[in-house]
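Trainee: According to our numbering, the sequence shown is numbered sequentially starting from 23.
Note that these hints are calculated values from the structure, not bench results.
Keep in mind that a hint or two might mislead.
Within a straight-line C-alpha distance of at most 25 Å, the following computed DSS-like cross-link-like pairs (lysine-lysine) qualify [stated by the list, open to error]:
id: 1; residue 1: 212; residue 2: 226
id: 2; residue 1: 159; residue 2: 106
id: 3; residue 1: 201; residue 2: 39
id: 4; residue 1: 151; residue 2: 27
id: 5; residue 1: 61; residue 2: 201
id: 6; residue 1: 27; residue 2: 212
id: 7; residue 1: 61; residue 2: 27
id: 8; residue 1: 85; residue 2: 61
id: 9; residue 1: 226; residue 2: 201
id: 10; residue 1: 27; residue 2: 159
id: 11; residue 1: 106; residue 2: 151
id: 12; residue 1: 27; residue 2: 39
id: 13; residue 1: 27; residue 2: 85
id: 14; residue 1: 201; residue 2: 151
id: 15; residue 1: 226; residue 2: 61
id: 16; residue 1: 226; residue 2: 27
id: 17; residue 1: 212; residue 2: 151
id: 18; residue 1: 159; residue 2: 226
id: 19; residue 1: 201; residue 2: 212
Note that the coordinates shown come from a computational prediction; the quantities given were computed from them, not determined experimentally.
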Amino acid sequence: MILRKIYLYLDPDEFPKEVAIPFGFRSRYACNFLERRLKPLRFHSTGFNRIIIQGSALQTSIKIVKGSNAISSPVPFQIDHYEKLNNNDRHEFYLSMIERGLNTVSLRPPIPTPELTEAIDLFRNSGYKNEWTHQTKYYREDGLRASLLCRLTPDLFSLTLNATQGREIIFENTILETKPDELIFADQFKSLERHKDSIIVRDKFGNIFYQTPNI
Numbered sequence: 023m024i025l026r027k028i029y030l031y032l033d034p035d036e037f038p039k040e041v042a043i044p045f046g047f048r049s050r051y052a053c054n055f056l057e058r059r060l061k062p063l064r065f066h067s068t069g070f071n072r073i074i075i076q077g078s079a080l081q082t083s084i085k086i087v088k089g090s091n092a093i094s095s096p097v098p099f100q101i102d103h104y105e106k107l108n109n110n111d112r113h114e115f116y117l118s119m120i121e122r123g124l125n126t127v128s129l130r131p132p133i134p135t136p137e138l139t140e141a142i143d144l145f146r147n148s149g150y151k152n153e154w155t156h157q158t159k160y161y162r163e164d165g166l167r168a169s170l171l172c173r174l175t176p177d178l179f180s181l182t183l184n185a186t187q188g189r190e191i192i193f194e195n196t197i198l199e200t201k202p203d204e205l206i207f208a209d210q211f212k213s214l215e216r217h218k219d220s221i222i223v224r225d226k227f228g229n230i231f232y233q234t235p236n237i
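Please take these sequences and the hints and turn them into a complete structure.
Mentor: Laid out in structure tokens, this is it:
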């Protein structure tokens, strides 16, 4: 199997749903950063394609989650401590959970530990920012360059369409904002097209998601 996903998770049977569910959303920006660096590795893992790092106050052991191709790695989690943290402190809190969980998993079947450690350091050194360019296209006939720019934070995902001619920005608009989870935003955009005097953004299914005015 190809290792593709890393999740931070709180079991709503152990913790209140009003804590567990937002925790999953708020920690995706860090996990997504690591996943995008996993993708080009195409790392072959044994028996799982995702790692679930589960915060728990209980003493449980690492296990393969049957039927989901996942390996679950428990790490200590104290809800009282977590709720006292401010937003800045939570960056390192999430990373410490990830590092501890990956260290535990690495004692079992092999995972790309050096590459993931490097990715965590890069995320930390970048100021915990998760920003990337989904696609850029250059249209030679009018010298226009269009880009889909993504930004994922603990609070939201945003997609900005940017178009430039030379050094001049001729169009820039945030065309999508959602909760910070790929299950919500990933299918809503895929490709860019130049159509007459406008730029079209199509979704995963080929439908028009957004079209600019004439530019």
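Trainee: Next pair to validate is residue 27 with residue 39; report whether the Cα-Cα distance is within 25 Å.
Mentor: holds (23 Å)
Trainee: Is residue 201 within 25 Å of residue 39, Cα to Cα?
Mentor: Within the cut-off at roughly 17 Å; holds.
Trainee: Does residue 27 lie within 25 Å of residue 226 when you go C-alpha to C-alpha?
Mentor: holds (20 Å)
Trainee: Is the straight-line distance between the alpha-carbon of residue 27 and that of residue 212 25 Å or less?
Mentor: holds (20 Å)
Trainee: Decide if the proposed pair is consistent with the structure: residue 27 and residue 85, CA atoms, cutoff 25 Å inclusive.
Mentor: holds (16 Å)
Trainee: Taking 25 Å as the top limit, are the C-alpha atoms of residue 27 and residue 159 close enough?
Mentor: Outside the cut-off at roughly 28 Å; violated.
Trainee: Would you mind confirming whether the straight-line C-alpha gap from residue 212 to residue 226 stays at or under 25 Å?
Mentor: This hinted pair holds, its Cα atoms lying about 5 Å apart.
Trainee: Need the status of pair residue 212, residue 151: alpha-carbon distance at most 25 Å?
Mentor: holds (22 Å)
Trainee: Quick one, are residue 159 and residue 226 close enough, alpha carbons at most 25 Å?
Mentor: With a Cα-Cα distance of about 17 Å, the restraint between residue 159 and residue 226 holds, given a limit of 25 Å.
Trainee: Assess, step by step, whether the Cα of residue 61 is no farther than 25 Å from the Cα of residue 27, and give holds or violated.
Mentor: Satisfied, since the Cα-Cα distance of roughly 9 Å is no more than 25 Å.
Trainee: Would you check the hint for residue 226 and residue 201, treating anything up to 25 Å between C-alpha atoms as holding?
Mentor: Since the Cα atoms of residue 226 and residue 201 sit roughly 18 Å apart, the hinted pair holds (cutoff 25 Å).
Trainee: Measure nothing beyond the straight line between the CA atoms of residue 106 and residue 151; if it is 25 Å or shorter, mark the hint as holding.
Mentor: Cα-Cα ~22 Å, so holds.
Violated hints for the displayed structure, listed by number in ascending order: 2, 10.
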